[in-house]
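Got chain A sorted already, so can you dock chain B with the ligands onto it with the hints?
Residue numbers (this note's numbering), protein chains in the order written: chain A, 267 to 574; chain B, 121 to 377.
I should point out that these hints are in silico values taken from the structure, not numbers from a laboratory. Treat the hints with care, since some could be wrong.
To be verified - Chain B stretches covered by chain A per the calculated footprint, using a threshold of three residues with CB under 8 Å from any CB of chain A:
| no. | region |
| --- | --- |
| 1 | 175-185 |
| 2 | 230-239 |
| 3 | 280-293 |
For glycine and all other residues, C-beta sits at the position ideal for the given N, C-alpha and C.
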Amino acid sequence: MSKTNDSLTGVINLGNLDSKPSIDAKRKAKRKMYDKLFYRFCQGTIFFALVTLVVLVVHILMSGLSWISLDFFTNFTSRFAERAGIKAAIFGSLWVLFLTASFAIPLGVSAAIFLEEYAPKKLWVQWVQINIGNLAGMPSIVYGLVGLAVFVRYFNFERSLLAGSLTLTLLILPIIIISSQEAIKAVPLSLREAAYALGANKWQVVFLQVLPAALPGILTGVILSISRAIGETAPLIVIGALSFVAFTPTNIWDEFTVLPIQIYNWASKPQAEFHELAAAAIIILLVLLFAMNFLAIYLRQKYQRYKL
Amino acid sequence: MSASLSENKEVILETKDLNVFYGEKQAIHSISMQVKKGTVAALIGPSGCGKSTFLRSLNRMNDFVASAKVNGDVFYKGQNLYSKKADPVEIRSQIGMVFQKPNPFPKSIYKNIIWGPKINGFTGDMDLLVEKSLKRAALWGEVKDRLHDSAFDLSGGQQQRLCIARTIAMNPDVILMDEPCSALDPRSTQAIEDLISELKRRYTIIIVTHNMQQAGRISDETYFFHEGHLIESGDTKMIFTKPSVQMTEDYITGRFG
Ligand SMILES: Nc1ncnc2c1ncn2[C@@H]1O[C@H](COP(=O)(O)OP(=O)(O)OP(=O)(O)O)[C@@H](O)[C@H]1O
Ligand SMILES: [Mg+2]
Numbered sequence: 267m268s269k270t271n272d273s274l275t276g277v278i279n280l281g282n283l284d285s286k287p288s289i290d291a292k293r294k295a296k297r298k299m300y301d302k303l304f305y306r307f308c309q310g311t312i313f314f315a316l317v318t319l320v321v322l323v324v325h326i327l328m329s330g331l332s333w334i335s336l337d338f339f340t341n342f343t344s345r346f347a348e349r350a351g352i353k354a355a356i357f358g359s360l361w362v363l364f365l366t367a368s369f370a371i372p373l374g375v376s377a378a379i380f381l382e383e384y385a386p387k388k389l390w391v392q393w394v395q396i397n398i399g400n401l402a403g404m405p406s407i408v409y410g411l412v413g414l415a416v417f418v419r420y421f422n423f424e425r426s427l428l429a430g431s432l433t434l435t436l437l438i439l440p441i442i443i444i445s446s447q448e449a450i451k452a453v454p455l456s457l458r459e460a461a462y463a464l465g466a467n468k469w470q471v472v473f474l475q476v477l478p479a480a481l482p483g484i485l486t487g488v489i490l491s492i493s494r495a496i497g498e499t500a501p502l503i504v505i506g507a508l509s510f511v512a513f514t515p516t517n518i519w520d521e522f523t524v525l526p527i528q529i530y531n532w533a534s535k536p537q538a539e540f541h542e543l544a545a546a547a548i549i550i551l552l553v554l555l556f557a558m559n560f561l562a563i564y565l566r567q568k569y570q571r572y573k574l
Numbered sequence: 121m122s123a124s125l126s127e128n129k130e131v132i133l134e135t136k137d138l139n140v141f142y143g144e145k146q147a148i149h150s151i152s153m154q155v156k157k158g159t160v161a162a163l164i165g166p167s168g169c170g171k172s173t174f175l176r177s178l179n180r181m182n183d184f185v186a187s188a189k190v191n192g193d194v195f196y197k198g199q200n201l202y203s204k205k206a207d208p209v210e211i212r213s214q215i216g217m218v219f220q221k222p223n224p225f226p227k228s229i230y231k232n233i234i235w236g237p238k239i240n241g242f243t244g245d246m247d248l249l250v251e252k253s254l255k256r257a258a259l260w261g262e263v264k265d266r267l268h269d270s271a272f273d274l275s276g277g278q279q280q281r282l283c284i285a286r287t288i289a290m291n292p293d294v295i296l297m298d299e300p301c302s303a304l305d306p307r308s309t310q311a312i313e314d315l316i317s318e319l320k321r322r323y324t325i326i327i328v329t330h331n332m333q334q335a336g337r338i339s340d341e342t343y344f345f346h347e348g349h350l351i352e353s354g355d356t357k358m359i360f361t362k363p364s365v366q367m368t369e370d371y372i373t374g375r376f377g
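Just chain A, with the same shape it has in the complex (with noise of 0.2 Å):
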């Protein structure tokens, strides 16, 4: 506001204001040039980008297309190719985004008021704040191995979807906590003031303005992060999920497997048809994330209708 209004006279010195300043034909060419450089390299990087998305995509259509029908979806896998289907993978990654999502929203979204709103400006918060942004950054093998040390083996809940989900919980709550912050932290001060200079209490300013105006921004960090974990196979394995399952999970003791390790099994094995199979699945998990980001844009949009 004004505080930078005033550091800034003073400061620039504009010369000798008599003299015209020259700018040569020369120099304005060359600029004008830069910009047109620049233009077509950023084309280029995302022509690169959707030739091999296209290419991919298209790749995986040709080979797995044909493998899609009503059968697909109902059977369970099985050693045979004709009669493999995703029934117990798509149960159990439906199984593992709805724990998944209700544990980590609450408490990612929660950690990430918390550490904006109300956690003291101490040394211990910046030591947690970094180590969160550390945690984002880890493989994820490596929360597959806290998933079998804590979960499956402390806490004895073997290889079942709560041990599954939790483990998941724990590889995304890092980016739904740091999203959230950064959707907190883009709400104006001046939106806080408002509030608060009407009589509001802290409790008041932060559910009822500042989580509003944040939640499409949560939102999108949520959804983006929670098909992160709908895509994830080495935690999973890690911990132990099946790969040959012939039934549905029907609570949270179950065990289980997901489409990720079903893709990763039938990748792996050596006749061709497998081969297909598994480009069939990964047209479906595709089709899934694909649901997930538009949702996050619909979202997004719908609660943004006051734009900030």
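Chain B with the ligands in isolation, oriented as in the chain A frame:
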């Protein structure tokens, strides 16, 4: 307003030896002043002299600036705002504030108005409250057909009047305004000035302004600040015609600042 008339009025807000620091740096030096009920007080002075800092210490908005430290006393109706017993949330519901940049909530016009009263437990007729507040803020005519549109669809001047309406809806005793017209065109400024003259019958208003004509037009008392000190204060007419300090005269006549 004549000096004798405002002399009879009771003091509603008073500071005694008020000092404000930002970290090590002192922004307000031992300011003592009194504002009488039902008057408009103008705070003037060059940029960076501490007007906003001072204003924000009157309803404890400085609580949100981590580095800000206040010492000294502010009395509101005899109650010390900085005593341990004082509840800043309660204080702010009685001493409202309008900011330099309009800052409506990202909600509808209607919800902007009722938010404050609602969270403070108001249970009366909301529609009536909205209409009354918007009428007092001279905005009703322009928005009555679109109360449920986003407040962000309004122009800057309309947004500022909405912020004033929102403050009025709380029925505060005192309204603090920090350069409420600085982002507005002459017409909106005019509307807000008219509004202030209208409002002062019910409320006490303390306004920061860089516009000398404005201070002269709307205020009863003027306070001239310089580098954190209160240099001169008194009846606006006096300050503008026969200031007793040379610096005040220089500032008002535009020779520095
Ligand atoms: N948050 C802050 N931290 C540190 N110093 C600050 C802060 N806010 C204001 N100051 C300093 O305190 C002094 C008074 O600032 P203040 O904003 O009260 O001035 P002002 O009179 O309102 O100026 P303007 O007319 O430009 O709005 C200035 O020197 C400013 O740099
Ligand atoms: Mg200011």
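Do the hints match the structure? See the list:
no. : hint    : verdict
1   : 175-185 : holds (count 3)
2   : 230-239 : holds (count 3)
3   : 280-293 : holds (count 4)
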